[in-house]
Amino acid sequence: MHEMSLCENIREIIQEQAEKDGFTRVNRVWLEVGPLSCVEPDALRFGFDVVMRGSVAEGASVEITTSPAKARCLTCQQTATVRQRYDPCPLCGAGPMEMIQGDALKISKLEVV
Amino acid sequence: MCGTCGCGEGQVQIDGKHHHGQPREIALERDIMAKNDGYADANRRRFVEDGILALNLVSSPGSGKTEILVKTIEMLSCATPCYVVEGDQQTSNDADRIRATGAPAVQINTGKGCHLDAHMVGHAVDDLGPKPGGIVFIENVGNLVCPAGFDLGEAHKVVVLSITEGEDKPLKYPDMFAAADLALINKADLLPYLDVDIDLMVANARRINPRLVIIQTSAKTGAGMADWLKWIRTAHHLAAAAAAE
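So the protein lines, in turn, are chains A and Y.
0 is the number of the first residue of the first sequence in numbering that gives the first Met the number 0; add one for each residue after it.
0 is the number of the first residue of the second sequence in numbering that gives the first Met the number 0; add one for each residue after it.
All the pointers check out, no bait thrown in.
Think about it this way: if two alpha-carbon atoms lie no more than 30 Å apart in a straight line, the pair counts; the simulated DSS-like pairs of lysine-lysine are:
{"no.": "1", "chain 1": "Y", "residue 1": "K171", "chain 2": "A", "residue 2": "K69"}
{"no.": "2", "chain 1": "A", "residue 1": "K69", "chain 2": "Y", "residue 2": "K34"}
{"no.": "3", "chain 1": "Y", "residue 1": "K229", "chain 2": "Y", "residue 2": "K219"}
{"no.": "4", "chain 1": "A", "residue 1": "K69", "chain 2": "A", "residue 2": "K108"}
{"no.": "5", "chain 1": "Y", "residue 1": "K219", "chain 2": "Y", "residue 2": "K70"}
{"no.": "6", "chain 1": "Y", "residue 1": "K130", "chain 2": "Y", "residue 2": "K70"}
{"no.": "7", "chain 1": "A", "residue 1": "K105", "chain 2": "Y", "residue 2": "K111"}
{"no.": "8", "chain 1": "Y", "residue 1": "K171", "chain 2": "A", "residue 2": "K105"}
{"no.": "9", "chain 1": "Y", "residue 1": "K171", "chain 2": "Y", "residue 2": "K34"}
{"no.": "10", "chain 1": "Y", "residue 1": "K34", "chain 2": "A", "residue 2": "K108"}
{"no.": "11", "chain 1": "A", "residue 1": "K19", "chain 2": "A", "residue 2": "K108"}
{"no.": "12", "chain 1": "Y", "residue 1": "K34", "chain 2": "A", "residue 2": "K105"}
{"no.": "13", "chain 1": "A", "residue 1": "K19", "chain 2": "Y", "residue 2": "K34"}
Residues from chain Y shown here face chain A by an in silico Cβ test under 7 Å; the list is partial:
{"no.": "14", "residue": "P22"}
{"no.": "15", "residue": "R29"}
{"no.": "16", "residue": "I31"}
{"no.": "17", "residue": "K34"}
{"no.": "18", "residue": "C113"}
{"no.": "19", "residue": "H114"}
{"no.": "20", "residue": "C145"}
{"no.": "21", "residue": "P173"}
{"no.": "22", "residue": "D174"}
{"no.": "23", "residue": "A177"}
{"no.": "24", "residue": "R206"}
{"no.": "25", "residue": "I207"}
{"no.": "26", "residue": "P209"}
The hints are simulated quantities; they were obtained by calculation from the structure and are not laboratory data.
Everything numeric in this text was worked out from a predicted model, so none of it was measured.
Each residue gets a CB set at the ideal place from its N, CA and C atoms; glycine is no exception.
Pulled out of the complex, with its shape left as it was, chain A reads as follows (with noise of 0.2 Å):
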């Protein structure tokens, strides 16, 4: 349950933020969690809510976005859209993959009032 841990990050981030910016609650907050992140996204939503308690975004809700992750392919050197770690090449069928893009982990943007 290390998404406990990262909504502690994603409220002090927020209460950072409302003091600069001025607001006091948080109606709305977009989230991007990339497929290769290590993360759950309903273990996330549910730490949320429990964290948020007592903050700016007591009771927000969560967005949360996330974009494809690409990898290269070892045999044809080819970039393409892959699900999980593992799949083979979508493109010629062998592999193995590396993967340059999917472990993003960011609070996007805010919706405050």
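On the provided structure of chain A, position chain Y as indicated by the hints.
Frame of chain A; chain Y shown alone:
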């Protein structure tokens, strides 16, 4: 701050008027791991400047990490000062086992925590005060999931997988095998008693990470330990060379 309601939005103006109570969007693009990564960078700088090799050992509980470390330190410590950061939810059993070899060890108890983070490790390394040119082994909390996502400032993650865990562990827990540079397949002495296909285990690990170096070891019999020590010495030379630059 807004003088009308104290909402803290007094500085926001739209068309010259105080913008009040209307939801607005703020683009952030802030990395959630940034704080940990900042501490990890500081740890890494310190290790590089002092020519210290730092290795982060990760595995599920019971793979034999501590036993490997005990044997490794006994084989290494005449030539190189070794230090250990031990991570467990509870007890100081592992640090006690390491200290019995004569190597300094600090035990971090994470309580309910499932991983070590770079901030904890920085403090533990302060307590250890490793000499320049030494080796710091960080034995992470036994967990094949969460520690994969946390950079501690180490030069390499080393994943330990015991053969009793089955061939498909790399496929079931791919993040850890993707993050590691070296895999030790431990308890190899048990192979004659098991139905495990070790070639398939190796192939599965390479499906996740084509560049993974894999060494079969038995901390109990000593098999493969010479190859593991050779790998450590090479990495240690590279750390010394980086410090000299």
